[in-house]
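Trainee: Protein sequences appear in the order of chains F and B. Heads up, the first sequence is in our numbering, so the first residue is 341 and it goes up one at a time. Heads up, the second sequence is in our numbering, so the first residue is 341 and it goes up one at a time.
Quick caveat, the hints were computed from the structure, so don't treat them as lab data. Among the hints, erroneous ones may be present.
Pairs involving identical chains hold if they fit within one copy or between any two copies, as the list cannot separate such chains.
To be verified - Only pairs whose alpha carbons sit at most 25 Å apart, straight line, appear in this in silico DSS-like list of lysine-lysine:
1) Lys510 to Lys563
2) Lys542 to Lys510
3) Lys350 to Lys590
Number of protein chains: 2
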Amino acid sequence: MKFGYQLLAKDGRARRGRVTTSRGTIETPAFMPVGTAATVKAMMPDSVAATGAEILLCNTYHLMLRPGADRVEKLGGLHPFMNWSKPILTDSGGYQVFSLKGLRKKMDEHGVVFQSHLDGSTHELTPERSIQIQHKLDSDITMAFDECTDWPATHEDAGKSMRLSMRWAKRSRDAFVDRPGYAIFGIVQGSTYADLREESAKALADIGFHGYAIGGLAVGEPKKDREETLAAVEPFMPADKPRYMMGVGKPQDIVAAVGLGVDMFDCVLPTRSGRTGQAFTCDGPMNLRNAKFAEDTRPIDAACTCPACRNYGRAYIHHLIRAGEILGPMLLTWHNLHYYQDLMRDIRAAIVENRFDAWRKMFEARIGLETKEDA
Amino acid sequence: MKFGYQLLAKDGRARRGRVTTSRGTIETPAFMPVGTAATVKAMMPDSVAATGAEILLCNTYHLMLRPGADRVEKLGGLHPFMNWSKPILTDSGGYQVFSLKGLRKKMDEHGVVFQSHLDGSTHELTPERSIQIQHKLDSDITMAFDECTDWPATHEDAGKSMRLSMRWAKRSRDAFVDRPGYAIFGIVQGSTYADLREESAKALADIGFHGYAIGGLAVGEPKKDREETLAAVEPFMPADKPRYMMGVGKPQDIVAAVGLGVDMFDCVLPTRSGRTGQAFTCDGPMNLRNAKFAEDTRPIDAACTCPACRNYGRAYIHHLIRAGEILGPMLLTWHNLHYYQDLMRDIRAAIVENRFDAWRKMFEARIGLETKEDA
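Given the sequences, and given the hints that come with them, work out the whole structure.
Mentor: In structure tokens, the structure reads:
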């Protein structure tokens with residue numbers, strides 16, 4: 341099976357597509373649950389698959405430190421190790437190395453030297469090393485090694501950073517071993533500057549990747565800046581390849597990005613929120629820790645078919661969260677991942693039926709453009 | 341459906357039986373997983389049932405404090421609250437009140453006043469109050485309120501304590517509202533003194549309960565004393581009622597107690613051990629945290645059919661435990677509960693086929709009389 345992207349339908353800029361890999365197909369727009377350390381926290385892999393997830397994201401930074409890329413390779417790669425037979429995308433490790441500032445020891449054209457957050461040991465990541473590690477992990481979709489530009493950044497700094505990432509992208513592409521059904525994605529950088537984003541997208545297209553990601557957004561910039569940047573860069577991203585917006589995000593942000601032509605997403609929000617008592621619903625987030633749920637026997641969401649909603653009332657989940665019981669995160673994580681996959685199913689159906697804008701208006705009217713708990 | 345006990349087969353003193361309740365039958369000898377706060381930690385209820393468990397134990401002390409007996413009653417009782425439709429046994433709360441010494445404020449003939457470990461608030465437990473709370477929880481098997489005698493205790497102290505428990509047993513029985521399919525069990529006390537145990541067993545039989553428990557053992561006394569005490573009291577426990585040994589225990593201790601005529605057991609060991617990285621196997625315990633498992637791709641136990649053993653190698657579970665990932669406790673708890681239910685299935689089959697002693701010898705030769713990690 342060759343790696344590929346098929347555009348099935350378009351509605352405005354929104355795309356309904358299908359990514360093929362050697363381990364299965366991914367209907368897009370798609371949401372990828374995050375399995376940082378080779379596990380989607382508090383979930384069995386078959387439960388993750390039951391929500392509808394067709395691909396996971398795992399983190400190179402965490403896995404290279406523990407259990408180590410050589411060890412995962414020796415054990416047959418990530419898929420048998422973690423009992424997940426569908427595709428896996430790995431990030432490059434760059435985001436963690438740059439966002440966990442205290443860990444970075446040295447950075448130059450060659451790459452980055454950093455300290456492990458686990459034991460302080462020293463490690464190096466370069467484009468070549470990152471791609472090699474992802475190969476050892478047997479990742480289906482490898483991400484190019486890039487520098488995630490700080491926000492805010494001046495035009496000059498953002499340009500310098502982006503051009504370094506483009507040189508690293510070329511080295512990443514060269515280091516990647518082409519194998520049928522496997523892919524490497526380049527990452528567009530350039531902060532919120534439309535001209536830099538255009539330059540970056542064109543540079544990556546010249547190198548030639550199996551897919552293209554938008555990096556360096558969802559790092560603190562206003563929603564408006566994010567969407568303007570995305571709208572400006574989209575025309576320069578190859579239409580015959582999948583587009584992946586990294587680290588996004590809230591349901592509203594995913595819907596907006598789909599409207600601007602993005603196909604793939606990942607975010608820790610559904611899993612992390614689940615561990616702190618927050619449930620996603622069509623009407624916005626619900627914090628189950630809240631005392632008002634103590635005697636509320638209704639399900640989190642009456643329309644949801646996940647096991648948490650089918651079998652339990654809010655009062656019980658409230659009790660579990662208050663008591664610090666593991667089953668609380670288990671149920672809420674399942675619900676939240678189910679919610680995200682339901683959202684993607686709704687999005688895909690709306691695009692195919694050419695009613696994405698109407699669906700989006702209803703969705704936004706109900707959930708609010710900002711989440712209620714943000715407001 | 342009337343509550344009842346049917347003796348199906350006997351092999352020496354070992355009994356193969358069946359307990360009937362309004363919520364289903366329990367094949368004995370049976371092991372009851374512990375769901376302290378209305379959840380078996382790190383397990384979905386359907387997974388607990390999938391291991392073969394037919395009854396759970398929940399803790400009155402914890403539930404009366406959070407979410408509160410009135411609240412559970414208002415929400416329809418424990419079964420719908422926690423999504424467990426099979427029988428539930430609740431303890432009386434006495435064990436916690438007496439074992440968490442710092443919490444006890446006052447104790448007299450009437451009952452015990454104690455402070456909540458959660459918020460320091462003051463509560464009272466008396467035989468009447470304990471039975472009432474268990475009624476509100478809608479427990480299928482209610483336990484009489486007793487004093488758990490310290491070990492070691494002088495003959496005089498143990499006698500005084502046991503006689504107080506017998507007066508409380510009478511008050512508990514009187515406070516219990518008889519309902520078809522529901523039961524109340526009395527608890528034999530008397531420390532390791534055979535004469536006191538005999539006196540206690542006879543006193544309870546005179547009052548008349550639906551079942552009889554052995555309390556005040558597995559509290560630190562040597563295994564030999566425990567087994568001698570059990571052997572001495574067994575002839576005085578009504579043969580037509582189920583016998584429950586509270587808080588036991590290690591696989592070896594369960595097997596020994598079955599050999600002395602006990603039918604029911606509960607213990608936090610399989611669940612608590614699972615959360616700290618320990619797996620039970622036919623060859624004794626295995627600590628998955630141990631570095632020697634880091635590249636061991638074999639299942640915990642090749643003969644085990646639980647999801648942890650069917651789908652994962654030791655190396656992965658080792659990684660999960662080292663990384664503090666929730667899936668580690670989830671998989672190990674499932675495995676351990678499966679192990680315990682497999683053990684009970686083996687025991688029941690051996691009794692029916694009149695080969696319990698031979699089976700026990702094989703079991704003990706393989707696992708060792710004391711666990712290897714104890715030695």
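Trainee: Hints first: check each against the structure and report whether it holds.
Mentor: Hint check:
In this assembly of identical chains, the alpha carbons of Lys510 and Lys563 never lie at most 25 Å apart, being 30 Å within a copy and 69 Å across copies at closest. In this homomeric assembly, Lys542 and Lys510 come within 25 Å of each other (Cα to Cα) only inside a single copy, at 13 Å, whereas the closest approach across copies is 86 Å. For the identical chains of this complex, Lys350 and Lys590 are intra-copy neighbours only, at 23 Å inside a copy versus 62 Å across copies, given an alpha-carbon limit of 25 Å.
Hint check: a violation occurs at hint 1 only; the rest are consistent with the structure.
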